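*Asks:* Take a look at the letters that make up each chain.
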Amino acid sequence: MSELSQLLAETTDRILARRLIAPGIVEAEGLCGEVLDAGLHLVLVAESDGGAGGTLKDAAAIARIMGRHAAAMPFAEIVLAARMASKIGRPELIDSTLWAQWVDDTAIVPALPGLDRAMVTDRQSGSVWLVPAEGEGFTDFAGQACLRLSHDVLAKRGELVATPGDGAACLRDAMLLCAASALGAIEKVCDMVIDHAGTRSQFGRKIAAFQAIQHMIADIATEVALTDATLDAALEEDRHEVDRRLACYVAKLQSAQASGIVAANAHQIMGAIGYTEDHALHHFTRRLWLWRDAWVNEAECCTSIASIVRNTAPVEGHSSGTWPAIVQAT
Amino acid sequence: MQMQIEPSFRRQLLSPEASALRDRVRRFIADEIDAGRIIPGRQSWTSFDREFSLRCGEQGYIAMTWPRQYGGHEKPAWARYVVIEELLAGGAPLGSHWIADRQSGPQILRHGSDRLRHEILPQIAAGRCCFGIGMSEPEAGSDLSAIRTKAEQVTGGWRLNGRKIWTTNGQLAEYMIVLCRTSPRSDDRYAGMSQLVVPMTSTGVAVRPITTMVGEPEFAEVTFDDVFIPDDQLLGTPGAGWSLVMEELAHERSGPDRFLSTFSLLSLMVAQTQGAMADQQLGGLIGRLMAVRALSVSISGRLGRGEGVSADAAIMKEAGTRLEQQIPETARHVSKTTPISGAAGLSGALAAARLSAPCFSLRGGTREILKGIIAREIGLR
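Same order as they appear, the protein sequences are chains A and B.
Quick note on numbering: the first sequence equals residues 1 to 330 in the numbering used here.
Quick note on numbering: the second sequence equals residues 1 to 381 in the numbering used here.
The hints are simulated quantities; they were obtained by calculation from the structure and are not laboratory data.
Model, not experiment: these values are computed from the prediction.
Accuracy of the hints is not assured; some may be wrong.
[What the hints assert, rightly or not] Quick look at which bits of chain B chain A covers, simulated, 3 or more residues with Cβ under 8 Å: (1) 293 to 301; (2) 324 to 335; (3) 373 to 379.
Note that beta-carbon positions come from the ideal geometry of N, C-alpha and C, so glycine has one too.
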């Protein structure tokens, strides 16, 4: 971990730890404002614009800690918009813009005070437009207020801020930050179930003594280790463009599959208490279920992986390009 | 002062040197396929082919990291990783040297007598020497502490009696490393066991081949009737065999042979199927395979730095073998083929993968044993 990563990670941890309202539950109200005040959203912004000039690895380290607290914080949305604002020479947009995500045929952004602009990638051309963050409100799967950008706003298109490649690269980075948050969350859930199984007794013994429980927790640990390894591989910068794309879909897919398995097993192990609002698991599960389908869902990850692999030329001795694709992107 | 930081294992695997080595192995595989000696999807790392192993020996693909004085090539760990994963992904028949190269040779190198090292290691490196793993017994599968095979101390060595079973390629092996009791079972059930290097030509060794679901006699039952083994063929110190077994298993569990056993079938599916349904399923399998490989690469890096990896090694084998078993099942959903043993293309590859798959989650520690190890390592029991 770089010195910068270390510093940012400590700041993130400190902010979140201060906001605990119950074991494992972070107060969401005002969190975004505090993150902005601390400047965590400047991690990818150039130093000349007052940013940290960090890498995606540095941002992922913060996202992972936010995940460990299941923080209700649209981190990728703010960080990627801030980076773009700095890149296009519009530093005045840094503190007030969100990167929008597409869901079916609408673009959505979190509804947050002071963040009144959105950057939207045009799905046909890949160009990025700056529009007002206006539209109909709704609550996302984890209970946070969001906006569906209105069709009027999207039709007018606003101001063109970036060209095709930038939109695709940002989506890729959003997927990785999302995967990093999911990794943090499943790591924490893994700790929670180990602790619970070692404390809770039924039938006169700790439930950790039951093989069925041990195996469910082993499955959780398996998903954590695999997600950690794929994310680490996807954050490797020294790769060709197509290999980075493939590694990124794999990391998002693995984190999504892991989120499903970990949540299901954890609820089974925790019993009724984890299902209630009183327990942290409830909040972690909602986040995991939100993140696993965010930006690019499992179905699209699978299709994209297959498509990249099918377009990779076979090498000597192989009937398809599967093997060279795998080797270059892990 | 500038510190020289060694590039990560992953970076080493992506280096130009590694790419050049990959190309060389791929050329070798392609030549073998052209000559009809490799049929992708029909062979694996347990398929015995002495001639193929001899050619691997000539290429320097065995004993890659061992010292030159024992026939090795003193290559870095990343070079061995590249070669073995390319051979595995290419569907090569590696059974004649695989176990010797992966675990028996390294075991002898670390714990064998000088005579054993000089006599046996160059033979392995040349591809002339097959090893069997003498662990399982009729009454000792997952619970190795229950073994009954025993060796009594006699003048100049040990007298071995007992029976081993389900030994891969036991009937074709030159040697077996036999786990046996050298003192009776006590409160510490893992104490008092030793590992002996047993030449299969020794007087008193009898072998019965056992046919598996694959339809080949790829297992054997081996009985030892008053077999004399000289002192310097005991590995390590008498009674400390269990720690050697554990060390061996860590290496046995985290390599690419634990996720590439049915890779040729997956590659054939990509080449020969199409459509949205196939893309969904194949994309999922490939994604998972890349996740397991990423973990394997990370473990190899940590092994090289001398760090403990036992939880992750068990995790990798469990996830890898589950994936290997999923591949033939998925083939039944994305193609209209029917498994026919010995047939060309997808059909024959599916038959071979389907029939060998049950063994993947048994050998080298069953799925349930591995999950127990994972649970223990993360602090559950």
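*Asks:* So, against the hints stated earlier in the document, which numbers end up violated here?
*Replies:* Those not satisfied come down to hint 2.
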